[in-house]
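Please work from the sequences and hints to get the whole structure.
Protein chains in written order, with this note's numbering: chain U, 313 to 765; chain G, 19 to 647; chain L, 1065 to 1355.
For the record, the hints were derived by calculation from the structure and aren't laboratory data.
Take the hints with a grain of salt, since some may be wrong.
Here are the simulated SDA-like pairs of lysine to any residue, each with C-alpha atoms no more than 25 Å apart in a straight line [what the hints assert, rightly or not]:
| id | chain 1 | residue 1 | chain 2 | residue 2 |
| --- | --- | --- | --- | --- |
| 1 | U | 727 | L | 1195 |
| 2 | U | 620 | L | 1122 |
| 3 | L | 1152 | G | 329 |
| 4 | U | 760 | U | 718 |
| 5 | G | 244 | L | 1342 |
| 6 | U | 656 | G | 329 |
| 7 | G | 244 | L | 1189 |
Coverage of chain G stretches by chain U, computed from C-beta distances (three or more under 8 Å per stretch; other residues unrestricted) [claimed, not checked]:
| id | segment |
| --- | --- |
| 8 | 68 to 80 |
| 9 | 181 to 189 |
| 10 | 276 to 283 |
Keep in mind it's a predicted model, so treat the numbers as computed, not measured.
Ideal placement from N, C-alpha and C gives every residue a C-beta, glycine not left out.
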Amino acid sequence: MKDKKTLGQAMQTQVKRRSVLKAGAAGVAGGMLLPGTARVALADDKKPLGAWPAGADGDSVFVGLTVDLTGPYSAQGAEQKNGYELAAEQINAGAPQVQKISPLIKKGILGKKLVLGSADAETKPNTGVQAATRFIHDNKAMMIAGSTSSAVAIALQKVCNREHTPYFTAISGSNETTGVDCQRYGFRLCYFAYMACKAIAPVVAKELGKNRKAAYLTPDYTYGHTTTQSMKEFTEKEGWKTVTNQVHPLGAKDYSSYLINIANTDADVLVVVAYGADAANAIKQAKQFGLLDKMKIVIPYMSAYLEKEVGADVMQGVYAAQGFWWTMEDHNPVAKDFVEAYEKKFGGKPRDSAMYAYLALVLWADAVERAKSFYPIDVVKALEAGELRDSPVGKVTFRAEDHQGIVDFPILRGKKPADMKNPEDFFEIVQVVSGKEVLPPLGLLGCKMGDYV
Amino acid sequence: MNSAQSTTATAGTGTATRRPAAHNTGGAMRRQLPEMLVGAGLLVAPFILPALGMSPDLLTRILIWGLFGLGFDLLFGYTGLLSFGQAAFYGTGGFVTAYLLTDGVVPNMLLALVIGTVAAAVMGLIIGYLTLRRTGIYFAMSTLAFGEMFYFMENSVFKDYTGGENGIAGVPPPELSLGFINIHISSGWPMYWFVAVLFFLGYLVARRIVRSPFGAVLKAIQGNPKRAMALGHSIQSYKLIVFVVAAAYGGLAGGLLGLFQSYMPPDAFALDTSAQLVIQTVMGGAGTLLGPLLGATIWLYLYEGLQQVGSLGPYWKLILGIVFVVLVTVFRHGVAGALISLFRRRRQLPADVDDGASTRVAGSLDIVPPLATTRPGAPVLEARGVSKHYGGLKANSDIDFTLREGELHGVIGPNGAGKSTFFAMLAGELPTTTGKVFFRGQEITGIGVTSVCQLGMSKSYQINQLFEHLTVRQNVMIPVLARLRGRYRADLLSNLHSEHLDAQVNAAIALVDLSHHADTQVSEMSYGEKRRLEIGLALATGANVLLFDEPLAGLGPEERVLVVSLLKSIRQGRSMVIVEHDMDAMFELAERITVLYEGRKLTEGTPDEIRRDPSVQAAYLGGMDDESA
Amino acid sequence: MPSMSLFLSQLFNGLATGLLLALISTGLTIIYGTLGVINFAHGALFVVGGYAGYTVYGLTDSFVLAVAGGSAVALACGLVMERGLMRKYYSRPPEDQILVTFGISIILVEIVRGLYGGVSLSVTPPEWGQGIARLGTLIYPLYRLETLGIAAATLLLLYFVLYRTSLGLIVRAGIEDAQMVNALGINVKRTFLLVFGIGAMAAGFAGVINSPIVALTPDMGFRYLVESFVVVVIGGVGSFPGAIIGGIIAGEILSLTAMINPQYSDVMLFIAMALVLIFRPQGLMGQEGRE
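Here it is as C-alpha cells:
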C-alpha cells in the first residue's frame, strides 16, 4: 500500500503549504505583482480593503470594464466601451469638457494616470463575475464598471460588494438593482423600470388620452414581470385599463401567436416591455400584423438603437423613455461637448449606453478627488455625500440610501420619416423628466444597505 | 496450442500453482504515476503558474471546469456518449447547493454540496433513462433539448427558488465545520486549495472507475456496443450508471461554482455551458480524464489573454473557434492525446501495456456449467417451426432444428437460403415471426443476445466484431468479465485485475494462439489474427454452446488449417453450430448437417448422407454461380 | 376560454409558422438524410444567408436578388466547408462530425458579428409583401401569407429535385444505403459536395425568407438550430415528409400553447420532443433502425 502512503504524504505537504500561504497572506499573490511596495497607507489606521492599497500605490490606477462584446447586447457593450474610453482620455488630459462636470479633475485622478482594462462579459453573469474578480485580484482594479443586462449588473455588484470595490452599472433596468439587491459598493446612475414607468405614464396619458386600453407583451423573467407590474400600476392610476398581458419566453423570435391574441382584444395601446432584439422583433411584427393601425406603442424602457433596428417608419409615433437622446445638446452645453467629442472620436451619435458609461467614470473620478483617496470606504462616502454635478442630462447625484442615480431623462416620440432633419434624427423630446420626482419612495423596493466593511 | 485444454465444470478451480502476485512495487508506482503527477501538479501550480499570469481565481475556475469535465469525459471520452445537456446537472447541483446554503435550510456547506450532487444525480437518472434509448446523434440532440428545457424552467417554473435571471447571489463563503474546528475558506489561495482537494478526490475516483471492471466495460461500449451486448453485458445499465456519475460530477462542480464566487449564475443552465464543456474536453483530449482540465486552461487563458491584446478582445471567440476546428481535425485526441502519444513515441512504449495484469495462465478456460438436468445426447438448442417474414418476403419458413449435447452441427445452403437470418434467430438476436427457440429446455425466443450469452451460448460473427481500439488482452477481458460478474455489476471502485480473471484471459488468448500479441492493439493486427480473436471472444464467454457464422470467411489456406484445428480442439465440453461455405471443412468437422434452401429446411443428415443427397446437389447446382462470395 | 375565431386564427397561424419551421429545418434534413451528418452549423448558415441577403437587398433593392444572393453565399460556404473539412469527416464517428460543424458555426457567427456588428438588423418585406390580408376575422400579414406559399413551393420543388431527377435518385439511394451508391461507382464525391451545398443553400434561403419577419442578429442561429432539431426529431431525422409534418406539429404547439398559456410554449415544444423520443424514437415518419 505504498501508494496510499504517498497520498498521505502529499496531503500533509498540502496542509503545510497551505499554512505557509496563509501566513504570507497577500505576500504570494500580491507581492509577486508588486514586489517591494511599501504599504504607507496602512499608517493612518486603514486596513487593506479590496485591491486597496495595492491598486493605489503606483503611478497609475486601474479600472476594469465588464462590457458585452459578444452576445445579444454586444452593440450596447461596444458603445459603453467607447464611453469609458472617452472619459478616461479626457480625465487623463484634464480636458476642459470634463472639468465642466467636475472642476476638481486635473490630469489624471489624484495625479495618477487612469488605465482601463476591458473584458467581454458575453451578457452572461458568470463571465462578468469572472472578469470582475480577475480585475480586482490580478489587476488591482479600484473600480469596476459596465453592464447592459440587470442579471449581469446585480451579479457584478454583489461580487464587487464582497470585494469592497466600487461598481457602477452602465445600463440596468431592473427594480432590484437598487431595490432588494442594492449593495453598499454598487451604484446605478441610470434610470430604471420603476422610474421610467412612473415618468412615462402621465406623459402618455396626456398625449394619448385617459381612457386607453393597454395590452402588454412581457418577457418571462423577473425584469419583465416587475416592469409590467410598475407600468400597470402607474397607467391605471391615470385611468388606463389593462386588457391583456402576453407573457412570452425571453429571446422569443416569433410573436405571431401573442399578437393574434392581442388582436383579438379591444386594446388600443401596446406596451412593449421586452428589451433589445426582442423588442425590435415584437414591434416589427406588430406592425406587420396591422396592429399599429389601431394601436399606439409605448416602450417604458427602450434599448439604445431600437430606432435603428426597426426603422423610422415603424418608430414614428412610438412613445419611449430613454436615458439620453443626442438632441439634448441643443439645451445643454455639457451634452454638446459630449456628443461632439464622441462623434469626433468614434463617429456616429452616442446613445444612453455611452453617456452613462462616460458619466459614471467621471463621477467616480470626482468622488475620488473629493475623498482625496482611493480608499474604498472614503470613495463610497464621497459618492453618498449628495454632491450635485453637471452632466449631459443636467444635475446629477446619487441617493445615499439606495445608491440610485438622481438623474433626469427624456421621454421621446418617434418622428415621421419626413420630419427627420438627418438620418440620426429619429425622435423629438416630449419632456425631460425630473429624476428626483420619479424616484421610488425610500424603502419601497426593499433596499437594505449593508455595512462598509 | 491446445495443450492446456480440459474441461472443468465449476468456475475458479484453476490447477496451476499460485505464483507470487504480480503487483510488485515498481509496477504499483508506475500505475499510480498519473495520480502522483496530478497531485504534485496541484501542489506546485500555485508556485509556478502565477508567474504566467494565472491567478488563484483563474486556477480555481479551471479546476471547477476540470471537475465538471471528469464526469463528462467518463461519459464521452470513455463510453462514447456525446451529451449536449450537461449544463442541466451543473445548474441543478449548483442551484440546489446555493439555495440550501443561502436560505439557511442546510447550513453545513459539505452537506449542502452532497445534497446538490445527489439532486443532480437523480436528474441524471431521469434524463439518462429517457435519452439513452437512442445513441449517436439522437442522443446528442435529445440531451441538448432536455438541457434547454431545464434552462427555460430555471427561468420560469422554478424562478422563486433560483432567482430567475438574477441567479442566487450571496452564497455564504464556505466554512468547513469538522465538529471540533471551523475553517473559514476565504477567496484566493485558500479557495484554490479547497477546490484542489475536491478535484483531486474526484480525479482519484474517476481513475478508479476507469481502471475498474466497470470501466473496462465502458471502453468496450465505446468501441463496439453491439458486441459488448452480445458478450453478455447489459450495456444499457452501464450507460445509465455512467450518465448518473457524470451528472453527479456536474452537480458537484456546479455547487463549487456557487461557493467559489458566492454567486450562482443562471447561465450555468445555458446551452453555452454544455457547449463550452464539450469544446474544452475535445480540445484538451477526450478519454484522458485530464483533457477537460487542459481544455479549460486553454479556453480561459485564451479568453483572458486575448482580452488584453488591444483590439483582439471582440474576436477571442472567433480565434477560439478556429483553434477548436483545427484541433478536432488534426489531433483526434486533443492536446493531451497528442502529448501522450509523443511521450510514448519518445520512450518507444507500446500502445497500451496493462502493468497490472498477471501473467499466470489458467490451466483451463472455464466453461459455464450446463444445467444439471442435461445428459449426453439430449437436445441443447432447439428451433421449433421457426419463421421470419419481412413484409411479404419470407426469409425463413417453418424450420425445425435440433443441436444435441456435444454435437458439432453444420448448417449449409446456397446464397440467399436464409442461413444468416436463421442463425440470428438461434442466437437470440432476432425475434421470430412464428415459432420458438429453446435452449436446454428454456425458451429463449428473442430474449436478446445479452441474456442468451449469460445462459451460456455465444456467437462468433461472419464480419469481425472486435474492439479495435483496445489490445487483445483488453478485448478478451470483456467476455471474461461478463462471465465472472454477470450481466451487470456496479463495481465502479473495484480493482480490475484478479488472479482468476487474468489467468482466464491468458488462457483464452493462448487458446487462439495470440499470446505474443496480448498487448497489441487490435487495429494493428492482420486479418487472420483478428479472425482468431473473433473466435476467442466467443470462447472466452465460457459458452457451452457456440454458434460460428462462417469462421473461415476470408482466410488464406494456412490460416484455414489453423482455424479448423482450433475448432476441432475446442469441442470437448462444448456443443457447436457452424454455418460455412467451405464444404470440405464442413464435411471434415461436422457430425450432422442441415441444409437450408430458399428459406426452408431441405434436408438433414450425416455428412455422407448429405453428400449423396440428390436434392442437395440440385439445390447447389442451381445456385452454384454465386457461390464465390 | 378562447373564442372559436381565436382558436381558428391560432390554428392557421400554427400552420404558417409550422411550414416556415419546416423550410428552416429542410437543410438539416437533406444533409442528414444523405450524408448522415448532423450539421450543427445549420443555424450559422441560416444567419449567413440572412445577412448576405440583407446586404444584397440594400445594394439592389430587389428582394428576389437578395434571396438569390443569400442562397448563393450560403451555398458557397457549404461548398467550402465540404471541400475543406467535411470530406475528411465522413469516415469519422458522428460525434466528430457534430464537433467540427459546431466549431464551424462559432467561426461563421463571429465573422458575421465582426462584419455587421451586434445591432439587430431589420429587413423590410418586399413591396409585394407589405400590407395585411383579411381572412375572415383574422388579420394576417401579407408577407407571412406569402411565405406560406413560398415555403410550400420550395418544399415541393425540393421534393421534385429529390424524387424526380437523377441527382434525386442518387440522393435517395444515399438515404437508403450510402455504401451501395459508393459501390455503384457513381461520382459520390461530387454528389456529396452537391448535396452538402444544397443543404447549406436551403439554410441560407430560409435565412433570407425569414429575415423580414425576424430581425437579424448574429446569435439568432443557435435558436433556429435547436428548433430545427425539435422539428426533425418529431418528424423523423432524415425524412423529408417528416420534416414538414414535424414543422407543422411544432408550429401548432407553439401557436396553441401561446393561446392558452404563453409561458409554457417553449417547454411544451421540448416535452413534445421528449415524448416522441420515448414512444417513437425514430420520429413520426422516420424509419426504424437508422441511427
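Verification of the hints:
{"no.": "1", "hint": "727/U x 1195/L", "result": "21 Å, holds"}
{"no.": "2", "hint": "620/U x 1122/L", "result": "15 Å, holds"}
{"no.": "3", "hint": "1152/L x 329/G", "result": "34 Å, violated"}
{"no.": "4", "hint": "760/U x 718/U", "result": "18 Å, holds"}
{"no.": "5", "hint": "244/G x 1342/L", "result": "21 Å, holds"}
{"no.": "6", "hint": "656/U x 329/G", "result": "19 Å, holds"}
{"no.": "7", "hint": "244/G x 1189/L", "result": "53 Å, violated"}
{"no.": "8", "hint": "68 to 80", "result": "holds (count 8)"}
{"no.": "9", "hint": "181 to 189", "result": "holds (count 7)"}
{"no.": "10", "hint": "276 to 283", "result": "holds (count 4)"}
Violated hints, in rising order: 3, 7; the structure is consistent with all others.
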